[in-house]
Amino acid sequence: MIIDAHVAAVLVSHICCARSLASGDGRIKTKLGASEYSMGKYGALIVDAADATVEQDSEAAEAIVPVASPSLFVRAGVLSEASGSAYVELGNTQVFCAVHGPRAAGSGGSGQGFGSGSMSGQPSSQRGIVTCDVRSLGEGMVDNAGALAVVVSSILSAVVRLEQYPKSRIDVYVLMVNDSGSAFAATVNAACLALCDAGVAMRDLVSACSMGVTRVRPDPASESAMEVDKCDDQDDHDGVLAVVANPQNSRPGSRKTQRMTLMDFAIMPNLGRVVYAHLRGQVEFNHVEKASEKAMAQARLVAAILSSYMREREKSALDAMSAGTA
Amino acid sequence: MNERERGKMLRRVFPEQYYAAFLSRDLRSDGRALDRTVQTSLRRKWSLSRADSSGDGDGVHQSLGSVLLKAGNTMMLALVSASGVAAGVASCECVLDMGPICSPYVLRGSSHALDAAVVARQVSEMLCSTVDLEQLVIIKDVLAWSVRVDVHVINYDGNLLDATGLAALAALQRARLPELTPLHAPHNDDDTPIPHPPGIGQPLMRASAERQVRIPLRSKARIMPCSFVVIGDKLLMDPTGEEERVSDAALCVQVDETGALCKVSKYGGAVVSDEMLQECISAACGEVNGWVKLLDEDDA
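If you're matching them up, the sequences are chains C and A in order. Numbered per our numbering, the first sequence spans residues 1 to 326. Numbered per our numbering, the second sequence spans residues 1001 to 1300.
So here's chain C without its partners, still in its complex pose (with noise of 0.2 Å):
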């Protein structure tokens, strides 16, 4: 993947504050703060540890309970046609993402299926243009797909050194499989492995996290983390406030998580910049700074996770090749 020196020597460093404990099978288990994360040939696992401590804020007029986000699994170079592909699993919520190009502009139409979005317009003599088609399975979810494809688009337009590939376009295809909740985010970060397995230039990784603000029940039963759907409007007192990094419907077809007041981010890491930011909803002054901060974290996790997943199958290969030739 071609990222500029200087930026990889960030990612280095990054990676080695990581206590890494090989296990005896090649997988790599390491401890990323409160995460723990595992990594073998097949793709790379991140089990968020309930994080069930509850955070006083002495500024805030209650205490916010932040909720575990769901497992994630990456895993690129799936599909074998396209220039790069990765496949992510966000709790249920499956993704397979395909990047075709860089080719050649007018070689055929913008894509088919619901959603397709550029926001490049055409491609000049100066810049390439990114363009993004999500295709959904299934009629539930045909309203979203349209503008997840604008939206992931701009994102990819900002991060994708465009300048290098004049006249030219690279297609991003999202393939939807399973949507039960935090799709944008499942979304970003499959697309960002893919084009790093396309080898497309970057100006840094880019990764996601939908944060959601809602109060909770608590569930005196389950030792693990609470479930989405027991939640109700933020107006209803009753309940605990929490932020649920990229909440999911734990049941199939609810929706949930559409009716949720939602934070989408979608930083840079390692420039330190913040590429898309959008609430849905509405959230009180105190709590924005305290779920954006969230959100951010467990973002930057992410972009870890695929960074040093993407170096180990980078040397890994680099292993391969080098032994076939010998």
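Calculated from the structure, these hints are not laboratory results. One or more hints might be untrue.
Unchecked claim - A few chain A residues that don't get close to chain C, going by computed Cβ distances all over 12 Å:
hint: 1; residue: V1085
hint: 2; residue: G1099
hint: 3; residue: P1100
hint: 4; residue: I1101
hint: 5; residue: C1102
hint: 6; residue: C1128
hint: 7; residue: S1146
hint: 8; residue: H1152
hint: 9; residue: Q1212
hint: 10; residue: T1240
hint: 11; residue: Q1278
hint: 12; residue: E1279
hint: 13; residue: I1281
hint: 14; residue: C1285
hint: 15; residue: E1287
What the hints assert, rightly or not - In silico negatives: residues of chain A with every beta carbon more than 10 Å from chain C:
hint: 16; residue: V1013
hint: 17; residue: L1077
hint: 18; residue: L1079
hint: 19; residue: S1103
hint: 20; residue: S1129
hint: 21; residue: I1139
hint: 22; residue: R1148
hint: 23; residue: I1154
hint: 24; residue: A1221
hint: 25; residue: V1246
hint: 26; residue: A1260
hint: 27; residue: G1268
hint: 28; residue: G1286
hint: 29; residue: D1296
Stated by the list, open to error - Stretch-level coverage of chain C by chain A, calculated; a stretch enters the list once three of its residues show a Cβ under 8 Å from a Cβ in chain A:
hint: 30; segment: 95-101
hint: 31; segment: 200-213
The structure displayed is predicted, hence computed values, not measured ones. C-beta atoms are modelled at their ideal positions from N, C-alpha and C, and glycine is treated no differently.
Assemble the complex: chain C is given as a structure, and chain A must be docked to it using the hints.
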């Protein structure tokens, strides 16, 4: 430049010569013999179920079973859905979605859309012979199941027809229809049910949330296609994408479980001799045990 890189360049720039070099030694570029299929695997752990809110309506919409098929590099996802159809005509069809995600050669306006339509039609015909349509009728002339298999091609590396057929069959085997019980069935004095006059918009059947039945398939009637491709004077079974692109002709033979020949199709292309056709048919019959085993393994 070492040998490997030179080979890669030859493959890109002069694919016919590249493949001819292999075929003259009766080999294929991935090391297979000419009459071998790629390694195929089915993942049945994918259960996409989206329950619709209604349970009492005239139609029941659910995604009932799904299968991820990987045949070599060709990857496709087959989903089964079924809905109740008025006028009691049961049907089974296959819809093939081949979007630009699957291959750099598939773009809007390319000929692949037509190929996909042809393949979908062929697979629909296969499924109609395999599925027991009479048993899909719920109430005669009033209500019947209409089963639909959506096959989404995620990665296309050759042999669309075989993979689609296999994926569709596997998904149908995996799918479960909800068991239906009739709502307010009135009885005569001697307990024979009065045939229910269908009113418009009146719910007729209740779908059970717990109990499910399999989709009825005719016994020993599963049909599988087996595709071949001719390059020069060599016959290749189960072509990859690149082999298809350098090929001169394409053939398909459909056989069913008992080894009986169901269909032979050849759409244009170079002329093929009788002997080659016979070879195809016997090779297809030889493959039957393999795919029956694949479909039936861990079929709960």
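Checklist entry - Which of the stated hints cannot be reconciled with the structure, identified by number in ascending sequence? => result Per hint list: 2, 3, 4, 5, 8, 10, 17, 18, 19, 23, 31 violated.
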